[in-house]
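Protein sequence lines correspond, in order, to chains A and B.
According to UniProt numbering, the first sequence is numbered sequentially starting from 1.
According to UniProt numbering, the second sequence is numbered sequentially starting from 1.
Keep in mind that the hints were calculated from the coordinates and are not lab data.
A portion of the hints provided could be inaccurate.
Stated by the list, open to error - To be clear about the criterion: a stretch of chain B counts as covered by chain A if any three or more of its residues have a C-beta under 8 Å from a C-beta of chain A, and this derived list gives those stretches: (1) 2 to 12; (2) 235 to 241.
What the hints assert, rightly or not - Stretches of chain A that chain B covers, calculated by requiring three or more beta carbons in the stretch to come under 8 Å of a beta carbon on chain B: (3) 77 to 85; (4) 348 to 359.
Stated by the list, open to error - Label-pair ranges, simulated between beta-carbon atoms: (5) Ile339(B) to Lys131(A): 22 to 30 Å; (6) Gly16(A) to Ser201(B): 19 to 27 Å; (7) Ala21(B) to Lys131(A): 25 to 33 Å; (8) Glu56(A) to Thr250(B): 52 to 60 Å.
C-beta atoms are modelled at their ideal positions from N, C-alpha and C, and glycine is treated no differently.
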Amino acid sequence: MRGKDVQLRDVVMRFGSFTAVQKTNLTIEAGEFFSILGPSGCGKTTILRMVSGFMEPTEGSILIGGDDMRGLGPAKRPTALIFQNLALFPLMSNWENVAFGLEARGIDKTARRAKAYELLSMVGLEGHEEKTPAELSGGQKQRVAIARALAVEPAVLLLDEPLSALDLKLRQHMRAELKEIQNRTGVTFIFITHDQGEALTMSDRIAVMKAGVVEQVDTVDNIYANPKTPFVATFVGENNVLEGKVTRADAEYAAIETPYGEVRGLNQDALTAGDRAMLFVRPERTALVNGVIPENHFEAAFERRDLEGAYVNLFFRGSAGPIIVHQPNIGMHGHLDGNTRVGFNARDALVMRAGEVDND
Amino acid sequence: MTDLLRSYGRGLSWIFVSLTAFWILVLIVLPQGFMLETSLWDINRDDQLGMKIDRAYSDLGLLEYDVTAAAEADKPAIQAKIDALQSEIADLESQETDPPREYGIQNYTKMSSLHFMIFVKSIVYALMVTALALVVCYPIAFAIAKVAPPQRAALMLLGLVIPYAINELLRVYAWLMILDYQGVINSVLMWLGMVEFADKSWIPFLEYSGSVFVALIYAYVLFMIFPIYNTVDTLDRNQLEAAKDLGASTFKIHWRIVIPHAKPGIAVGCIMTFMLSVGSYSVPQIMTRGKSGDWFSQLIYRQFFEAQSWNVGAAYSFSLVLVCLAFILIMMKVFKVGIRDIAK
Numbered sequence: 001m002r003g004k005d006v007q008l009r010d011v012v013m014r015f016g017s018f019t020a021v022q023k024t025n026l027t028i029e030a031g032e033f034f035s036i037l038g039p040s041g042c043g044k045t046t047i048l049r050m051v052s053g054f055m056e057p058t059e060g061s062i063l064i065g066g067d068d069m070r071g072l073g074p075a076k077r078p079t080a081l082i083f084q085n086l087a088l089f090p091l092m093s094n095w096e097n098v099a100f101g102l103e104a105r106g107i108d109k110t111a112r113r114a115k116a117y118e119l120l121s122m123v124g125l126e127g128h129e130e131k132t133p134a135e136l137s138g139g140q141k142q143r144v145a146i147a148r149a150l151a152v153e154p155a156v157l158l159l160d161e162p163l164s165a166l167d168l169k170l171r172q173h174m175r176a177e178l179k180e181i182q183n184r185t186g187v188t189f190i191f192i193t194h195d196q197g198e199a200l201t202m203s204d205r206i207a208v209m210k211a212g213v214v215e216q217v218d219t220v221d222n223i224y225a226n227p228k229t230p231f232v233a234t235f236v237g238e239n240n241v242l243e244g245k246v247t248r249a250d251a252e253y254a255a256i257e258t259p260y261g262e263v264r265g266l267n268q269d270a271l272t273a274g275d276r277a278m279l280f281v282r283p284e285r286t287a288l289v290n291g292v293i294p295e296n297h298f299e300a301a302f303e304r305r306d307l308e309g310a311y312v313n314l315f316f317r318g319s320a321g322p323i324i325v326h327q328p329n330i331g332m333h334g335h336l337d338g339n340t341r342v343g344f345n346a347r348d349a350l351v352m353r354a355g356e357v358d359n360d
Numbered sequence: 001m002t003d004l005l006r007s008y009g010r011g012l013s014w015i016f017v018s019l020t021a022f023w024i025l026v027l028i029v030l031p032q033g034f035m036l037e038t039s040l041w042d043i044n045r046d047d048q049l050g051m052k053i054d055r056a057y058s059d060l061g062l063l064e065y066d067v068t069a070a071a072e073a074d075k076p077a078i079q080a081k082i083d084a085l086q087s088e089i090a091d092l093e094s095q096e097t098d099p100p101r102e103y104g105i106q107n108y109t110k111m112s113s114l115h116f117m118i119f120v121k122s123i124v125y126a127l128m129v130t131a132l133a134l135v136v137c138y139p140i141a142f143a144i145a146k147v148a149p150p151q152r153a154a155l156m157l158l159g160l161v162i163p164y165a166i167n168e169l170l171r172v173y174a175w176l177m178i179l180d181y182q183g184v185i186n187s188v189l190m191w192l193g194m195v196e197f198a199d200k201s202w203i204p205f206l207e208y209s210g211s212v213f214v215a216l217i218y219a220y221v222l223f224m225i226f227p228i229y230n231t232v233d234t235l236d237r238n239q240l241e242a243a244k245d246l247g248a249s250t251f252k253i254h255w256r257i258v259i260p261h262a263k264p265g266i267a268v269g270c271i272m273t274f275m276l277s278v279g280s281y282s283v284p285q286i287m288t289r290g291k292s293g294d295w296f297s298q299l300i301y302r303q304f305f306e307a308q309s310w311n312v313g314a315a316y317s318f319s320l321v322l323v324c325l326a327f328i329l330i331m332m333k334v335f336k337v338g339i340r341d342i343a344k
């Protein structure tokens, strides 16, 4: 395993009076696939640039493999960066692109050519070595960029939304490929993205950022199942949101009063009666009431049905805002019109202190 | 042509085509053609022609006197002589007013060894000016395009353009005043006690070719900076960062990334600077005041306006045009850029 761990200790980044990154402590384990997820402008790219050495943090320190990186430029750090637009050198052939880092280190031409050919074959580009990047497809360019970054044998690979320019099919394919390369090389990957699907499928752990603050760092499963803040709950995956005042609460559950009536969910913030709260329940944990009656249920007006392929999105509108229900597409969605009863179990819902949600 | 008609209609197409034709004909073909034609002929004027005409006229006067005094029987013979002489005079005079042209390449081949040396020297000097201008301008162009924050870049560009609001001659005279015997630099040196005007121990900057170089570079700096700036400006900043991230030194980044990208701009800048400096007349004329040898452009001027030898002047001019064309082709070959890249 060649990866190294990365630590951010009390890191703050300010540009004039604007604080791009609030005081942040973060530890990324060696050999981990770590994603920083957040909307644009949340400070994730700033963190990436501080780790890669293009920026020095205003306060705090960054350690890679236990060594303080302060004062070291990007060339001196054991990191390699893959740019959003890849930044391949268009006037060089693919193998020269891959070998550029070795050329910069003064390795002779035969050796670096052999190494470049080897890396290009590792990413499945045999036969394309002498072509230029312009002659390759989007996914192939992506692989050249990965090979170029890996050629300098970095301990940490930094990826700045490198998949955002690809179309959906290719993006999904490249996700698997990136994960595979990461497994094979053991290099620490820090992946920057605003696409929660991308972060969830590839990462071991995710940090969710909003406005310069890391809201939650957790494994992918926990981020999805146990979001700690309303923002994380709504930014990662979809969630139905019900808002209201807490009427009753105990150690495990809290009930809130909504226009749909009283609904109950897990009381994760230890709220007490009278607090303003939000209840989150995933669309796939919400169901049409049919036979077994769940703990929480209410009537909502059916609006429309979108077919996603494997599942169906059912949209309802009621007095307390929209409700989405995901149903597996197993052909059981006969006729829906007018008011329908929908519901969910209390243990599938999270009640937390009211806060800012993601509006997109 | 059909595309043009479809896109712009008959009226506009007609204007486009006729303007282009006017440009090609009047600004390219006509002057160059006239120059080429003039350079290819020569008048072989008889040095004695004036004297021959004078003598014929005096002979004619004598004969006309004879004819009045002669006996009736001799008159026809004398009259025949007069007629012969008159036709000879007409012939000589037509030779004088409309001398016969001899076509050939003699104007090109009879360049004296001194003139040829000046020709070669001017080309070498222009090459040196071009190289120096490139060395000076590349870092400036790069700084404006990629290093300076936008506001400072705008100020730098403004600073470069402002001197060009002043007439070129005035700018050259400004340099003259700076470099003259009792000019700005020498005055400062005297104030520092390093030279003395009284015993003429000033540094004679104007007697060195360097002073012409300085003024030429100053005069044509923009023609080098702008093409390079334009190409460097289109370089993706991420490429610079990627190269840096991969551990490349500043030299390596420029050699492998920036310069290859800026090639068309460098080629255009070099071509413009070379052509302008090799053909510059005012700068060497003013800066040297005849003290450090002529440039070829001055030689051409002399051929036209002092030696009154337009044919040789045209041949010299056309030789310079050929050199410039050769330079363009060489630059395109060396920098592997096509005419399309340059047009961009």
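Each hint, compared with the structure:
Beta-carbon proximity to chain A at under 8 Å applies to 0 residues in the region 2 to 12 of chain B; the threshold of 3 is not reached and the given coverage is violated. Requiring three or more residues with a Cβ within less than 8 Å of a Cβ of chain A, the coverage given for the region 235 to 241 of chain B holds, as 4 such residues are present. Closer than 8 Å: that is the beta-carbon criterion, and the region 77 to 85 of chain A has 6 residues meeting it against chain B, so the requirement of 3 holds. Coverage of the region 348 to 359 of chain A by chain B is violated in this model, with 0 residues showing a Cβ closer than 8 Å to a Cβ of that chain against a need of three.
Taking the beta carbon of each, Ile339(B) and Lys131(A) are about 26 Å apart, inside 22 to 30 Å as hinted. The hint said 19 to 27 Å for the Cβ distance between Gly16(A) and Ser201(B), and at roughly 56 Å that hint is violated. The given range of 25 to 33 Å is broken by Ala21(B) and Lys131(A), whose C-beta atoms sit roughly 44 Å from each other. A beta carbon spacing of about 19 Å between Glu56(A) and Thr250(B) contradicts the range 52 to 60 Å that was offered as a hint.
Checked against the numbered hints listed earlier, the structure breaks hints 1, 4, 6, 7, 8; every other hint is satisfied.
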